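Student: Here are the chains, one letter per residue:
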Amino acid sequence: MTDPNSGATKPTLKTLPGDDVRQILWRYADRYDLQMVQQAARSVARGIVARLVADGARHTHEWTPEKQKLLEAMDEAGLTAVAIDPEHGGYIPGPKNLALALVAFELSWVDAGAATATLAGNLALAPIHERGTPEQVARYMGGAVPAGPGEDRRTLRGAFALTEPIPFVGVDTNTMAGRVRVAEWKDGEEPMLHVDKRGRFITNAAFANFACAAVASDDARIKGSCMVILEDTDEGVWDPGSPTLKLVHQLSATNDPIYSLKVPASRIIGGYTIQDGVIVPNYSHSEVIEAVFRRTRVTVGLMTAAKLLSAVEPIIRYHRQRFRGGQPQPGSSRYELGIQQREDALHRLIDVWATGEAAASLGFYTARLFDEFDPLEREKDRLLQERGIKGARAQMKAFAAVKDAALEFIRLEHLPEQKRDSARYEELKADSLVQFAVKDALSQVFCPATKLWNTGVGANTMREAVSLMGGYGITEDCPGFLGQKWMDAQLEATYEGPEAVQRRQLTVTMVNELFLAQFRHWIRQMRQIASRKPGTGACTLATAMELWLWTIEFLQSAQDAHGETLYHGQRQGVAFPMADALSWLLASRQQILDVLELEDKGGHNPLLADGLEGTVAFLTDLCHVMAARASGEVGRITAELVYGYQRHPSWDGDCDSCFKASELEAVASLVPGFDSSPLEVIQDDGGHADKAGPCVRFPGMERFRALRLKLDGCLTGCRLAKDRAAEALTQVMIPEALDYPR
Amino acid sequence: MSNGYHIVVCGSLVPDPLQTLEPVMAPDGPGLKNEAMLPSVLDPWAAHALYEAAHLAKRVPDSKVWLASLGPKPKLQQLMMAVAQKAPFEFVAIDGSASGFADSFETAQALAKAIQSIPGLDRDRMLLFGGCSSASRDAGTTLSMVGALLGVEDQFLAVDEIEPDADGGFRVKERVEGAQYLVSRCAGAPAVLAWATGNLPEPPNNPQIGMANMRGILPALAKAPSVGALRGGLRFESVETPSQRRETRVVKDAGVEEIARELAEWIRG
Numbered sequence: 079m080t081d082p083n084s085g086a087t088k089p090t091l092k093t094l095p096g097d098d099v100r101q102i103l104w105r106y107a108d109r110y111d112l113q114m115v116q117q118a119a120r121s122v123a124r125g126i127v128a129r130l131v132a133d134g135a136r137h138t139h140e141w142t143p144e145k146q147k148l149l150e151a152m153d154e155a156g157l158t159a160v161a162i163d164p165e166h167g168g169y170i171p172g173p174k175n176l177a178l179a180l181v182a183f184e185l186s187w188v189d190a191g192a193a194t195a196t197l198a199g200n201l202a203l204a205p206i207h208e209r210g211t212p213e214q215v216a217r218y219m220g221g222a223v224p225a226g227p228g229e230d231r232r233t234l235r236g237a238f239a240l241t242e243p244i245p246f247v248g249v250d251t252n253t254m255a256g257r258v259r260v261a262e263w264k265d266g267e268e269p270m271l272h273v274d275k276r277g278r279f280i281t282n283a284a285f286a287n288f289a290c291a292a293v294a295s296d297d298a299r300i301k302g303s304c305m306v307i308l309e310d311t312d313e314g315v316w317d318p319g320s321p322t323l324k325l326v327h328q329l330s331a332t333n334d335p336i337y338s339l340k341v342p343a344s345r346i347i348g349g350y351t352i353q354d355g356v357i358v359p360n361y362s363h364s365e366v367i368e369a370v371f372r373r374t375r376v377t378v379g380l381m382t383a384a385k386l387l388s389a390v391e392p393i394i395r396y397h398r399q400r401f402r403g404g405q406p407q408p409g410s411s412r413y414e415l416g417i418q419q420r421e422d423a424l425h426r427l428i429d430v431w432a433t434g435e436a437a438a439s440l441g442f443y444t445a446r447l448f449d450e451f452d453p454l455e456r457e458k459d460r461l462l463q464e465r466g467i468k469g470a471r472a473q474m475k476a477f478a479a480v481k482d483a484a485l486e487f488i489r490l491e492h493l494p495e496q497k498r499d500s501a502r503y504e505e506l507k508a509d510s511l512v513q514f515a516v517k518d519a520l521s522q523v524f525c526p527a528t529k530l531w532n533t534g535v536g537a538n539t540m541r542e543a544v545s546l547m548g549g550y551g552i553t554e555d556c557p558g559f560l561g562q563k564w565m566d567a568q569l570e571a572t573y574e575g576p577e578a579v580q581r582r583q584l585t586v587t588m589v590n591e592l593f594l595a596q597f598r599h600w601i602r603q604m605r606q607i608a609s610r611k612p613g614t615g616a617c618t619l620a621t622a623m624e625l626w627l628w629t630i631e632f633l634q635s636a637q638d639a640h641g642e643t644l645y646h647g648q649r650q651g652v653a654f655p656m657a658d659a660l661s662w663l664l665a666s667r668q669q670i671l672d673v674l675e676l677e678d679k680g681g682h683n684p685l686l687a688d689g690l691e692g693t694v695a696f697l698t699d700l701c702h703v704m705a706a707r708a709s710g711e712v713g714r715i716t717a718e719l720v721y722g723y724q725r726h727p728s729w730d731g732d733c734d735s736c737f738k739a740s741e742l743e744a745v746a747s748l749v750p751g752f753d754s755s756p757l758e759v760i761q762d763d764g765g766h767a768d769k770a771g772p773c774v775r776f777p778g779m780e781r782f783r784a785l786r787l788k789l790d791g792c793l794t795g796c797r798l799a800k801d802r803a804a805e806a807l808t809q810v811m812i813p814e815a816l817d818y819p820r
Numbered sequence: 004m005s006n007g008y009h010i011v012v013c014g015s016l017v018p019d020p021l022q023t024l025e026p027v028m029a030p031d032g033p034g035l036k037n038e039a040m041l042p043s044v045l046d047p048w049a050a051h052a053l054y055e056a057a058h059l060a061k062r063v064p065d066s067k068v069w070l071a072s073l074g075p076k077p078k079l080q081q082l083m084m085a086v087a088q089k090a091p092f093e094f095v096a097i098d099g100s101a102s103g104f105a106d107s108f109e110t111a112q113a114l115a116k117a118i119q120s121i122p123g124l125d126r127d128r129m130l131l132f133g134g135c136s137s138a139s140r141d142a143g144t145t146l147s148m149v150g151a152l153l154g155v156e157d158q159f160l161a162v163d164e165i166e167p168d169a170d171g172g173f174r175v176k177e178r179v180e181g182a183q184y185l186v187s188r189c190a191g192a193p194a195v196l197a198w199a200t201g202n203l204p205e206p207p208n209n210p211q212i213g214m215a216n217m218r219g220i221l222p223a224l225a226k227a228p229s230v231g232a233l234r235g236g237l238r239f240e241s242v243e244t245p246s247q248r249r250e251t252r253v254v255k256d257a258g259v260e261e262i263a264r265e266l267a268e269w270i271r272g
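Those sequence lines, one after another, are chains Y and U. For our numbering, count along the first sequence from 1 and bump the result up by 78. For our numbering, count along the second sequence from 1 and bump the result up by 3.
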């Protein structure tokens with residue numbers, strides 16, 4: 079058993095964690111295809127992307143020939159084809175969420191605008207990939223692969239056209255101005271449609287040659303809404319529009335396009351049927367979008383995580399070199415450590431680093447979760463189709479029937495092997511619908527949590543990172559482009575669904591019984607981890623998780639002082655902070671699990687043998703720091719919600735436990751010493767102690783109070799961990815220079 | 004009979020030159036501080052040789068490229084995630100020390116032995132490529148010795164260009180003093196070409212090429228013979244960082260004119 083508080087000198091971080099460490103932490107050590115994709119993305123990021131930023135390419139909103147070279151570099155490096163299945167010219171078989179996450183992470187390490195350019199291309203293809211007809215998939219996925227030598231065709235580059243000029247559609251509203259109507263419908267021929275769509279903030283619109291546009295019917299002969307594929311060669315107006323004057327992500331081409339085009343009905347994504355003379359799209363625009371965003375939001379979260387981790391090296395270098403002016407001698411503390419002599423600078427950088435680690439752990443876990451989820455979802459679609467189950471209501475009914483089995487599976491999965499009914503467990507494990515339900519409950523929480531926490535908390539933490547560079551931080555030549563990254567993070571918190579949208583989704587999904595059942599097991603899991611590895615902060619986190627769980631259960635049945643229900647979709651003052659609190663917990667938990675994975679598997683890599691113990695010790699301390707931070711947030715939020723909606727007791731008739739001074743005197747004469755107890759006393763003239771009212775004593779909240787008290791105690795040691803991690807910062811070896819220009 | 008070349012590129016890893024490279028004395032000899040944990044790159048001179056080899060193989064039909072690398076197996080594997088994406092080649096791995104403090108003759112012997120055992124290699128058509136120098140402790144002697152051990156007498160050092168003829172011969176430009184080139188004509192393979200920088204830019208990483216290469220790389224790593232520390236009779240009394248401090252500035256993709264202008268300004272003071 080290790081003693082995390084021991085004062086003995088322990089191995090600590092020798093070098094910044096390299097690829098060997100990351101591959102184990104984020105679980106792609108055995109995926110050579112992904113490692114190569116990552117290297118390819120890195121060469122683009124730290125080559126042409128960094129050069130463009132350093133040369134001031136971000137100073138213009140226009141899509142310039144220099145920026146266009148980015149696309150060519152991405153094509154050459156194979157990044158454009160990462161999202162494409164091998165049968166259409168891609169080269170990574172199976173789900174690609176983790177692959178795309180790694181690409182976004184690497185590009186964002188330098189500039190998230192460049193990452194957004196690839197992301198937007200994938201976003202344009204995603205509706206077709208998820209819901210397109212086989213013909214649409216073949217044409218657009220195949221066409222998006224860069225033309226090879228000798229191939230006479232242009233590469234298809236897409237834009238995802240959803241948002242419209244204010245006050246129309248954003249990512250979460252159905253108030254849509256884009257319209258589709260029948261232009262021509264000759265007997266026995268395919269209908270021709272006319273699509274009018276004005277876009278706002280459409281990435282890739284400057285150079286795209288096709289767009290997937292969300293539109294609503296403007297014609298009784300078309301039902302509802304749909305997404306339609308438009309091409310620049312279609313008859314009508316294809317106007318890429320003017321560049322959006324955004325302050326961030328200037329290496330992506332964002333425009334406000336205008337499309338007014340005639341297209342065949344076969345361009346409706348997912349196809350259509352004709353019922354009683356009406357064109358009925360197989361998927362509404364919102365059904366398509368839902369399938370798309372639940373995946374692509376994860377990569378956005380990882381973009382902010384990359385920024386935080388990329389800030390560590392330049393900040394350490396800046397701090398160490400800061401006081402070398404004047405006459406300090408090499409070898410002196412002032413020369414070697416510079417600002418690192420100051421505890422505050424070290425502690426704040428530890429906060430930045432810990433947040434970055436947690437964000438990356440959360441994001442990469444979610445990407446891997448979707449890699450597991452994708453085939454389950456396809457199998458679910460197949461099974462439901464086979465059983466003739468169509469429509470949202472019928473599906474909900476079908477899954478209500480699966481819920482008990484899913485809960486049983488969760489229970490069995492968390493039992494020791496020797497204690498569970500293995501035949502039943504295997505049966506449920508092989509049931510695709512059960513597995514879908516279990517994973518769906520997770521993905522519906524982890525996707526919004528990643529987007530919400532990584533970008534929201536990440537953007538705030540990037541401000542800290544910038545501040546650690548002093549005035550240099552907000553200059554264009556700040557190493558690591560930290561100022562630009564801070565600004566960029568705000569866009570990541572906004573696009574593909576701003577924070578409120580993620581919180582709203584969590585409001586619904588985090589109270590799903592299937593999620594909560596798994597969450598309960600995780601509390602026990604954290605305790606078990608804490609028992610064998612006490613320095614991780616897992617015990618602290620487990621208590622915070624219990625507190626969150628108690629609170630969410632309480633809030634769902636409790637009422638406020640006015641008798642109003644506390645937890646429901648419209649009461650965002652209650653539900654949204656709980657969503658925030660949960661996200662902190664999930665991020666911290668994933669961070670702990672990743673470090674345990676490193677400790678477990680790192681020993682198999684001889685390259686890590688020399689520094690593994692120190693690296694694990696340092697990352698463990700970061701876990702502890704983050705667990706304490708997360709627990710603090712949970713404690714604050716839950717206390718505000720549990721107590722904050724109750725009326726404070728007043729001195730006027732609201733004090734069950736108050737004694738009148740004369741009564742107290744009478745009792746004290748019978749029970750000597752009674753009047754020395756800490757009681758609430760009201761004088762006979764109505765006077766009372768100087769405070770707002772009698773102290774709060776809400777019956778039924780004893781468990782909450784006990785947990786709060788316990789949580790405070792559980793913070794023991796977290797600052798010692800921070801001190802150790804801070805000390806490590808002063809010793810870790812860093813490269814002599816950043817490996818990309820500035 | 005085919006006229007294509009069988010190009011064997013000798014090249015291995017060195018610690019990323021941007022890292023802090025601090026020599027230290029360990030009980031088993033000198034090394035770099037935290038060497039095992041430092042990220043590695045393909046030795047830049049060897050990298051030029053590899054790009055030139057791939058380029059030459061593309062131009063001359065029936066040519067083939069091998070990359071022979073001597074280094075710690077796990078590090079080689081990691082290195083290949085990037086290098087394998089640069090050009091098509093067959094990999095020959097030798098598990099041993101790539102330290103800058105290894106004995107260059109023993110290194111040459113290990114390489115020569117591995118090259119001799121490459122199946123299908125026609126040594127009459129062989130061009131032995133490598134770097135004329137190295138980013139590790141630079142003796143600049145290894146490639147010549149490999150050539151000598153393999154009986155290759157035509158050796159060209161500090162090569163910047165090779166121009167094949169139709170008859171199997173080639174013209175070589177070598178750097179000599181005073182920014183001059185020595186131009187030679189060689190009747191044909193076998194020959195040793197130790198490359199300076201060549202003229203080719205670094206190819207972009209292409210995962211598709213990488214994955215094709217990887218089919219051979221993993222088996223090659225699995226069966227890599229182990230040659231140990233390659234210290235031979237070498238003894239180092241002490242090791243230390245050169246006294247002149249490096250002032251590193253990273254500039255990627257800078258044009259020749261830009262570099263020249265900066266150098267001129269620096270010389271003028």
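Mixed in with the good hints, there may be bad ones.
Stretches of chain Y that chain U covers, calculated by requiring three or more beta carbons in the stretch to come under 8 angstroms of a beta carbon on chain U [stated by the list, open to error]:
1) 112-119
2) 384-398
3) 507-518
4) 620-632
Only pairs whose alpha carbons sit at most 35 angstroms apart, straight line, appear in this in silico DSBU-like list of lysine-lysine [as the list claims (entries may be wrong)]:
5) Lys36/U x Lys147/Y
6) Lys147/Y x Lys226/U
7) Lys738/Y x Lys769/Y
8) Lys679/Y x Lys176/U
9) Lys255/U x Lys324/Y
10) Lys76/U x Lys88/Y
11) Lys679/Y x Lys67/U
12) Lys36/U x Lys679/Y
13) Lys147/Y x Lys176/U
14) Lys116/U x Lys88/Y
Not everything, but these chain Y residues come out facing chain U in the computed CB check (under 7 angstroms) [unchecked claim]:
15) Glu154
16) Gly156
17) Pro173
18) Tyr350
19) Pro819
By construction, these hints were calculated from the structure, which means they are not laboratory data. Keep in mind that this is a model prediction, so the values were computed, not measured. Every residue gets a Cβ at the ideal spot worked out from N, C-alpha and C, and that includes glycine.
Student: Any hints this thing doesn't respect? Which numbers, in order?
Tutor: Going through the list in order, the structure violates hints 2, 3, 4, 5, 6, 8, 11, 14, 17 and 18 and respects the others.
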